[in-house]
Amino acid sequence: MTAGRRLALGGAVLAAPVAWAAQLVIGYSVEEGGCSVADPQIAGADVANVAGVVSLVALALALGGGVTALLLLRRRDASGDPRGSVHFLAGAAAMAAVIFSILIVFGGVATLVLDPCSAG
Amino acid sequence: MTTLEHRAAPPLTREPAWWGMLLLIATEAALFALLLASYFYTKFQTEGPWPPDGIADPKLAKPIVMTVLLMLSSIPAYLAERNARRGDQRGLVLALLATLLLGSAFLALQIWEYTEKADLFTPRTNAYGSLFYTITGLHGAHVVAGLVLLLWTLAFALRGAFTAERHLAVQNVSLYWHFVHGVWLFVFVSLYLLPSL
Numbered sequence: 001m002t003a004g005r006r007l008a009l010g011g012a013v014l015a016a017p018v019a020w021a022a023q024l025v026i027g028y029s030v031e032e033g034g035c036s037v038a039d040p041q042i043a044g045a046d047v048a049n050v051a052g053v054v055s056l057v058a059l060a061l062a063l064g065g066g067v068t069a070l071l072l073l074r075r076r077d078a079s080g081d082p083r084g085s086v087h088f089l090a091g092a093a094a095m096a097a098v099i100f101s102i103l104i105v106f107g108g109v110a111t112l113v114l115d116p117c118s119a120g
Numbered sequence: 121m122t123t124l125e126h127r128a129a130p131p132l133t134r135e136p137a138w139w140g141m142l143l144l145i146a147t148e149a150a151l152f153a154l155l156l157a158s159y160f161y162t163k164f165q166t167e168g169p170w171p172p173d174g175i176a177d178p179k180l181a182k183p184i185v186m187t188v189l190l191m192l193s194s195i196p197a198y199l200a201e202r203n204a205r206r207g208d209q210r211g212l213v214l215a216l217l218a219t220l221l222l223g224s225a226f227l228a229l230q231i232w233e234y235t236e237k238a239d240l241f242t243p244r245t246n247a248y249g250s251l252f253y254t255i256t257g258l259h260g261a262h263v264v265a266g267l268v269l270l271l272w273t274l275a276f277a278l279r280g281a282f283t284a285e286r287h288l289a290v291q292n293v294s295l296y297w298h299f300v301h302g303v304w305l306f307v308f309v310s311l312y313l314l315p316s317l
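In order, the protein sequences belong to chains B and F.
One point on numbering: in the numbering used here, the residue at position 46 of the first sequence is 46, and numbering is uninterrupted.
One point on numbering: in the numbering used here, the residue at position 160 of the second sequence is 280, and numbering is uninterrupted.
None of these hints come from the bench; they were simulated from the model.
Only true hints are included.
Take a look, some chain B residues computed to stay more than 12 Å from chain F by CB distance: (1) Val-30; (2) Gly-33; (3) Asp-39; (4) Ala-43; (5) Gly-44; (6) Asn-49; (7) Gly-52; (8) Leu-63; (9) Val-67; (10) Arg-74; (11) Val-98; (12) Phe-106; (13) Leu-114; (14) Asp-115; (15) Ser-118.
Some chain B residues near chain F, calculated using beta-carbon distances under 8 Å: (16) Asp-81; (17) Gly-84; (18) Val-86; (19) Phe-88; (20) Leu-89.
Glycine included, C-beta positions come from ideal geometry on N, C-alpha and C.
Chain B on its own, in the form it takes in the complex (with noise of 0.2 Å):
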């Protein structure tokens, strides 16, 4: 097994988690801190808009991840891959790139059709 596919491996398996949790954690930070002003604005751009571009590159990251898992399992090498650990975990991170990719889209399609800064 190359240190390339190493990394690619790692990169995969973390991609899909790691883009849900930001998306989570920097679209609620632009939503508490550009809706409690009077102008709802993040440098000058809209709040949702914001929220929207956070969601597809959160999106993007997340598919990249995923395609990366199924390049992996495609390139299968038995003899850098003894235990079936990399089959496995390149497997495991192509069922969760699905997963959060719909929770991401889920989410990224709340802040567009609600408004992110109207109160309860």
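Start from chain B and add chain F according to the hints.
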């Protein structure tokens, strides 16, 4: 020039089941992190004292004993794995028994703690009550799951099922038990220690 892609790295030596346990622990850790985040969010959104609605600050004596018991239980859990690695069957059985005993004592104290707490507040009293029982109850459920896994591993250890070469179940149970212990430290500090300071 050696690129990262072509530089050789040692193969992953752990079994897929070990990685599976690690992923399970990661998801469970995320669940506890979200619950604790909900607790702190509610705490900081609540005006006035915390715990709210006249609920007294949690008493620390019993939770401290529970913490010590769980911390101590991680030692035999580690020893179980080490003894299994060395092929020491008797040591493995004794270490598993000690972990079981300490874990059961923790659980017994938690049940005792609940019987006292139920007189003061319930999950339906307010958001604090809901979060308190959800977080400690979820942790208690993890302790129960850990005890069941320990019992199962002990049953196999008594039959001599583990060798120095093959003892993955012991490794995984030990890893899980360390996680249960680690999470409790966060629960203890957040739900017991901080409100008492």
